[in-house]
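Peer 1: Chain by chain, the residues run as shown.
There are 2 protein chains.
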Amino acid sequence: MGTVAARLADIVGAENLLVGDAISDDYAHDEALSVQQQKPAYVAKPHSAEEVAELLKAATEAGLPVTARGSGTGLSAAARPVEGGLLVSFERMNSVLEIDTVNHVAVVQPGVTLAELDQRTAEAGLTYPVYPGELSASVGGNVGTNAGGMRAIKYGVTRSNVLGLQAVLPTGEIIRTGGRTSKISTGYDLTQLIVGSEGTLALATEVTVKLHPRLPHGATVLAPFDDFDQVMAAVPKVVTSGLAPHILEYIDNLTMAALVYNEKLELGVPDAIRDRVQAYLVVALENRDTGRLEEDVETLGELLSELGAIDVYVLEGGSARKLIEAREKAFWSAKSAGADDVIDVVVPRSSMSPFLTKARELAQTAGAGAIGCGHAGDGNVHLAIFCKDPEVRTKLLTDIFTCAMDLGGAISGEHGLGRTKTKYHKELEDPAKLELLRRIKQGFDPAGILNPGVLFS
Amino acid sequence: MGTVAARLADIVGAENLLVGDAISDDYAHDEALSVQQQKPAYVAKPHSAEEVAELLKAATEAGLPVTARGSGTGLSAAARPVEGGLLVSFERMNSVLEIDTVNHVAVVQPGVTLAELDQRTAEAGLTYPVYPGELSASVGGNVGTNAGGMRAIKYGVTRSNVLGLQAVLPTGEIIRTGGRTSKISTGYDLTQLIVGSEGTLALATEVTVKLHPRLPHGATVLAPFDDFDQVMAAVPKVVTSGLAPHILEYIDNLTMAALVYNEKLELGVPDAIRDRVQAYLVVALENRDTGRLEEDVETLGELLSELGAIDVYVLEGGSARKLIEAREKAFWSAKSAGADDVIDVVVPRSSMSPFLTKARELAQTAGAGAIGCGHAGDGNVHLAIFCKDPEVRTKLLTDIFTCAMDLGGAISGEHGLGRTKTKYHKELEDPAKLELLRRIKQGFDPAGILNPGVLFS
Chain A
1 MGTVAARLAD IVGAENLLVG DAISDDYAHD EALSVQQQKP AYVAKPHSAE
51 EVAELLKAAT EAGLPVTARG SGTGLSAAAR PVEGGLLVSF ERMNSVLEID
101 TVNHVAVVQP GVTLAELDQR TAEAGLTYPV YPGELSASVG GNVGTNAGGM
151 RAIKYGVTRS NVLGLQAVLP TGEIIRTGGR TSKISTGYDL TQLIVGSEGT
201 LALATEVTVK LHPRLPHGAT VLAPFDDFDQ VMAAVPKVVT SGLAPHILEY
251 IDNLTMAALV YNEKLELGVP DAIRDRVQAY LVVALENRDT GRLEEDVETL
301 GELLSELGAI DVYVLEGGSA RKLIEAREKA FWSAKSAGAD DVIDVVVPRS
351 SMSPFLTKAR ELAQTAGAGA IGCGHAGDGN VHLAIFCKDP EVRTKLLTDI
401 FTCAMDLGGA ISGEHGLGRT KTKYHKELED PAKLELLRRI KQGFDPAGIL
451 NPGVLFS
Chain B
1 MGTVAARLAD IVGAENLLVG DAISDDYAHD EALSVQQQKP AYVAKPHSAE
51 EVAELLKAAT EAGLPVTARG SGTGLSAAAR PVEGGLLVSF ERMNSVLEID
101 TVNHVAVVQP GVTLAELDQR TAEAGLTYPV YPGELSASVG GNVGTNAGGM
151 RAIKYGVTRS NVLGLQAVLP TGEIIRTGGR TSKISTGYDL TQLIVGSEGT
201 LALATEVTVK LHPRLPHGAT VLAPFDDFDQ VMAAVPKVVT SGLAPHILEY
251 IDNLTMAALV YNEKLELGVP DAIRDRVQAY LVVALENRDT GRLEEDVETL
301 GELLSELGAI DVYVLEGGSA RKLIEAREKA FWSAKSAGAD DVIDVVVPRS
351 SMSPFLTKAR ELAQTAGAGA IGCGHAGDGN VHLAIFCKDP EVRTKLLTDI
401 FTCAMDLGGA ISGEHGLGRT KTKYHKELED PAKLELLRRI KQGFDPAGIL
451 NPGVLFS
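Listed in order, the protein sequences are those of chains A and B.
Per the UniProt record's numbering, numbering through the first sequence is continuous, rising by one, with the last residue being 457.
Per the UniProt record's numbering, numbering through the second sequence is continuous, rising by one, with the last residue being 457.
Take the hints with a grain of salt, since some may be wrong.
If chains are identical, the list can't say which one is meant, so a pair holds when it fits in one copy or spans any two.
Said to hold, decoys possible - With a Cα cut of at most 25 Å, we get these calculated BS3-like pairs of lysine-lysine:
| no. | residue 1 | residue 2 |
| --- | --- | --- |
| 1 | K322 | K264 |
| 2 | K329 | K154 |
| 3 | K329 | K264 |
| 4 | K57 | K45 |
| 5 | K57 | K433 |
| 6 | K426 | K441 |
Hints were generated in silico from the structure; no laboratory data involved.
Construct the complete structure from the given sequences, taking the supplied hints into account.
Peer 2: Listed below in structure tokens is the structure:
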């Protein structure tokens with residue numbers, strides 16, 4: 001065992017350090033498509049912030065690149081290790097430390113999964129409302145990528161719900177940021193800077209998240225439209241209505257066909273209607289009172305009909321759940337259909353229609369396919385890209401991202417840049433902003449050990 | 001006219017540059033107490049981002065300290081200029097550029113007041129929900145200090161509602177951050193870093209804020225309690241109820257007496273009750289439907305009675321508005337009563353009671369007074385400090401801030417550090433975090449021209 005391995009083993013215990021062949025393939029990738037797998041030289045499984053601090057000190061001294069890993073469910077390869085580097089896996093730091101029912105926060109270790117947190121908050125009548133669609137994802141991973149998901153239209157994204165962090169700097173200091181309150185105006189907001197930094201600034205070792213009352217009654221409405229522009233025009237009207245939907249999604253006809261087929265959904269949409277649909281709107285409401293929920297569903301149905309829905313289907317609990325779950329698994333449908341990349345561009349929701357028209361034109365010109373669904377309320381478009389040739393694909397994605405940015409959008413709404421989108425960011429972003437990001441990175445991580453290749457190439 | 005003045009006059013036009021005696025006293029202060037006034041050498045009134053950029057370039061080259069000013073309503077002297085420096089006043093950049101009813105955002109220049117924005121959003125049936133209590137405040141000033149206010153319990157603070165910025169770096173580059181969407185995961189969040197940075201990193205020249213549906217019906221409930229701990233125990237129950245109050249304030253008996261006296265409030269609380277009250281809870285609800293609002297007010301009243309309220313008063317529109325306005329003016333009551341400082345410590349709401357007990361003890365020991373009110377839902381405590389001796393006051397505030405931080409809180413919830421609290425922050429904050437802040441500052445403002453003396457001494 002080399003001296004570096006010996007030192008790392010000293011820190012976490014020999015049984016929590018994997019080296020060489022003991023490292024399984026799982027640690028060599030996350031769920032991003034089209035990225036080469038890469039095993040690290042070491043996998044360390046710390047169980048405390050102090051151990052993480054010691055690991056980072058050792059890594060800084062040895063010049064060892066460090067990648068953090070939660071559950072490995074990321075879609076942009078931000079958790080793919082570097083050759084010869086150290087992977088810090090948070091699998092053993094997986095405790096819910098506290099469900100605080102007075103301040104309405106949960107304090108958790110980064111390896112806690114969303115499923116676990118959901119169960120624990122449910123017991124208290126509360127909810128952590130960020131559902132990026134993969135319940136095995138870890139809170140720490142969500143913090144790294146600023147995960148979003150379907151309920152962001154009502155509850156915001158990860159960043160909106162993280163109140164505080166304990167984090168370890170690459171130089172080994174352990175800091176605390178924020179706290180159990182939404183209101184702090186005491187210096188720069190380090191919490192918000194670390195959220196979404198994809199493991200390049202500091203490693204979160206404890207996360208304080210905001211909890212919300214868990215509203216017990218919910219209903220899901222499915223509205224097919226002849227025309228995509230009608231769907232997009234309906235979205236702001238639904239938002240302004242005051243009905244406060246917590247899910248507001250569109251699904252295009254091809255994606256819906258794939259979901260229905262893969263997940264054996266029974267949506268009750270007659271064939272004659274299904275054949276003419278260009279896109280569906282899925283709207284979910286929730287309430288603490290069943291009577292009010294029923295009234296709201298009726299109001300919503302009337303509104304959607306006025307806005308041009310061919311019909312309005314109130315889904316039964318079981319089929320509603322299956323549809324939402326299927327939508328959450330859209331990535332897996334795309335993957336099993338042979339998609340070569342998945343992108344999650346964001347644009348102002350007013351620009352979704354022009355964006356999609358242009359993106360489809362670009363794909364067609366490139367001889368590629370681009371189908372998808374998305375968070376209509378947030379302008380977050382998920383497209384599965386079918387295009388085998390890497391060069392053609394790079395050109396196509398560059399054009400699609402350029403189009404999104406020209407419309408006032410950004411490359412990623414929730415997946416992050418990771419290893420898959422960093423090169424586009426570098427090429428397309430304002431150099432003055434790239435320079436600021438570089439200086440911030442330099443301020444946190446002067447030795448550049450944290451996740452090299454992510455955000456900066 | 002010196003060469004610097006000539007260059008500044010070239011940029012903004014001679015009629016928009018004030019020098020020497022032409023600078024009125026207004027520009028020498030904001031509303032912070034106990035801070036010496038200081039006129040700058042120059043006041044420039046740019047009317048575009050390009051002019052701001054030229055001003056900052058000139059300032060960088062001349063080594064001229066620069067302070068930004070909105071309406072001058074700040075409470076921590078972040079807008080108080082530096083001797084010999086340049087004050088950039090945004091009074092001419094006061095246009096609402098767009099109320100976007102599809103994306104539900106407003107795009108405004110920094111000098112727009114909250115009153116103006118409120119009027120313009122009302123016309124569209126929307127609202128910008130951050131009400132820090134002073135409608136003449138500017139949006140740019142709110143961005144600088146991350147202003148909060150009473151409605152944060154439902155809608156969050158400024159930071160939660162700013163989606164994007166155009167900002168000018170001290171080196172003269174104009175950047176755009178964020179956009180007309182809540183979901184972006186494309187590099188570090190520069191928007192969130194600039195919000196709350198008190199004019200020390202960059203000057204915002206355009207702000208994109210999130211708008212919400214304006215719910216037309218509202219009601220305000222006043223509940224007196226015998227005991228402060230009961231008030232604090234009631235707060236989380238009201239939050240968990242799902243009634244979603246947009247205002248949840250406590251007012252202690254002395255402060256309420258001052259408000260009633262100064263503002264001639266008629267609250268309908270009988271003398272016999274008033275004499276035994278230790279603190280009041282003020283809860284406001286809103287709804288798009290009057291029937292639901294009435295039901296909710298009834299539910300709230302029952303809940304508050306169960307939680308120990310002596311009685312529950314549903315205030316008529318006029319007196320409710322007057323009470324809320326009086327609460328918003330509590331600072332002015334404190335000022336006219338001769339307060340020597342005003343602090344806005346934040347703690348987890350579970351710690352408000354122990355914090356207040358300790359703070360009053362500390363004040364008593366110091367022979368000082370500390371009375372107040374606060375945003376009970378957010379743990380944000382406003383205390384008017386009556387203590388003439390500056391040394392005793394510094395010691396008292398140090399002790400009070402230490403107590404808040406030991407309870408997991410922070411020095412300021414919404415006023416910012418400015419020139420009044422920076423020294424405490426420097427003394428009490430973790431040196432590792434101070435060093436990070438310094439490095440971030442250095443990355444944005446290598447010449448250190450932006451607001452020296454604020455956040456860093």
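Peer 1: For each hint, tell me whether it holds in the structure or not.
Peer 2: Hint-by-hint comparison with the structure:
1. K322 x K264: within (9 Å within a copy, 59 Å between copies)
2. K329 x K154: within (21 Å within a copy, 32 Å between copies)
3. K329 x K264: within (13 Å within a copy, 60 Å between copies)
4. K57 x K45: within (15 Å within a copy, 49 Å between copies)
5. K57 x K433: Intra 29 Å, inter 17 Å, cutoff 25 Å: inter-copy only.
6. K426 x K441: Close inside one copy (15 Å) and across copies (23 Å); limit 25 Å.
In summary, the structure agrees with every hint in the numbered list given earlier.
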